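The listed protein sequences correspond, in order, to chains A and B. Take 52 as the starting number for the first sequence in this note's numbering and just add one per residue. Take 9 as the starting number for the second sequence in this note's numbering and just add one per residue.
Now the stretches of chain A that chain B is said to cover, found in silico as 3 or more residues with beta-carbon under 8 Å:
| # | segment |
| --- | --- |
| 1 | 116-130 |
| 2 | 191-203 |
Here are a few chain A residues that sit away from chain B, every Cβ distance over 12 Å (derived from the structure):
| # | residue |
| --- | --- |
| 3 | Q89 |
| 4 | Q92 |
| 5 | M94 |
| 6 | G97 |
| 7 | F98 |
| 8 | L104 |
| 9 | D108 |
| 10 | S140 |
| 11 | E151 |
| 12 | E157 |
| 13 | V170 |
| 14 | D173 |
| 15 | E182 |
| 16 | R206 |
Worth flagging that the hints you see were computed from the coordinates, not collected in a lab. For clarity, every value in this text was computed on a predicted model and none was experimentally measured. For glycine and all other residues, C-beta sits at the position ideal for the given N, C-alpha and C.
Below, each chain spelled out in residue letters.
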Amino acid sequence: MVLHKRLKIVGLMVALTVLSACASLPENLVSAPEVRLQNVQVMGLGFNGQTFLLSFDIHNPNPFSLPVNHVSYGLRLDGHRFASGRTASEFSVPAGGDSEFAISVELNLLGTAPQLLSVVKDGSRAEIPYELEGQLGIDIPFTPPISYQTNGTIRLNSSND
Amino acid sequence: MMLAACGEAPSEPEEELRAWVAAGVTAAENKERRSLVSMISDAYVDARGNERGDIENMLRIYFLRQHKIGLLTKIEEITVYGETAAKLNMTVGMAGTNDGVLGFSADAYHFELELEKDGSDWELIAARWGELGGELH
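This is chain B alone, in the form it adopts within the complex:
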């Protein structure tokens, strides 16, 4: 009855993907770069030409530039293909102190993530992102 009231229950892959996002957010907020990198496939490549190592480099700079990280995420859409591939659209806002002029940044980005299941783990294989309302690339 509860499920009927709340709509269709999420599928198992969808639940796994939500858990994957939650784990990523926790790792980011704790500045656990290695944990985040372990969620990225060795085969990762994106439209910007980044590979896994480039993303790790970005994470390193991001963590060095931020004193404290607080992320707000909203999963917009999860599409699962054959239970081993998925596309995930999400909006991420950040409230964290840094050394910017105001010492505070609170803006939002839209991320489109592509994931593949490797054994029992989902791994990021590609991503596009852009400021909210802007183009993704």
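Excised from the complex, chain A in its bound form:
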């Protein structure tokens, strides 16, 4: 009788544990895509303005494709704010697969980040640390954007390379 009662209590505890585990399962199961800065192409360098082509790789770790309709980004090079913005860009990243996108930016580093001018001019000689963060707009009604954040190093390429 006592054993029977103990078994009942153990059974109840197991059931409660399972239920509490279910209750604490995260409802948001969409993993953040991995976005990496793949290339920075220097298209034009001048005192009044500089043009760059930023190329990004994006990996979708989810078991379903992600339809993207815009990308916002903030990029720091060598610890300095380099470029930020938002661009309309429609593409789909396949389930467990990769995609890429590129953004052309026109800057005036002399006015915004003069320290970066020398870094950019010598950028093809050394690896420059970068920090990248932003959001991917999901092309599904009512669906909030997904944030991403990454860092690494990058070597700048000139358009003549």
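Given the structure of chain A, go ahead and fit chain B onto it with the hints provided.
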């Protein structure tokens, strides 16, 4: 007398289409993806290039990104063609919590749905949508 006071009574297809929308809303709020997908025709294709499987993928992401879903719908217009085809214009607003910055989203979209009757069931064969006031595509 009541009908005269309220205007013309809705036709049978119109009633069916309103019921179809209500069933879709209930399924969405209960995150019943399979129920919603069963309301979509195998022949579904839209101007964005989506097919039925793509819509199912969208529903999966949508449900995963939302903790709780509450939909507000307003059917703007129902046009029935020969009792077996219909176009439905509606506005859908959502109040649901998600993991956005504010943890809350409450915006509205305009949907234009094209349906066909397959036997006794209406099925979605195409759709266009866009943020309220924006372009549909």
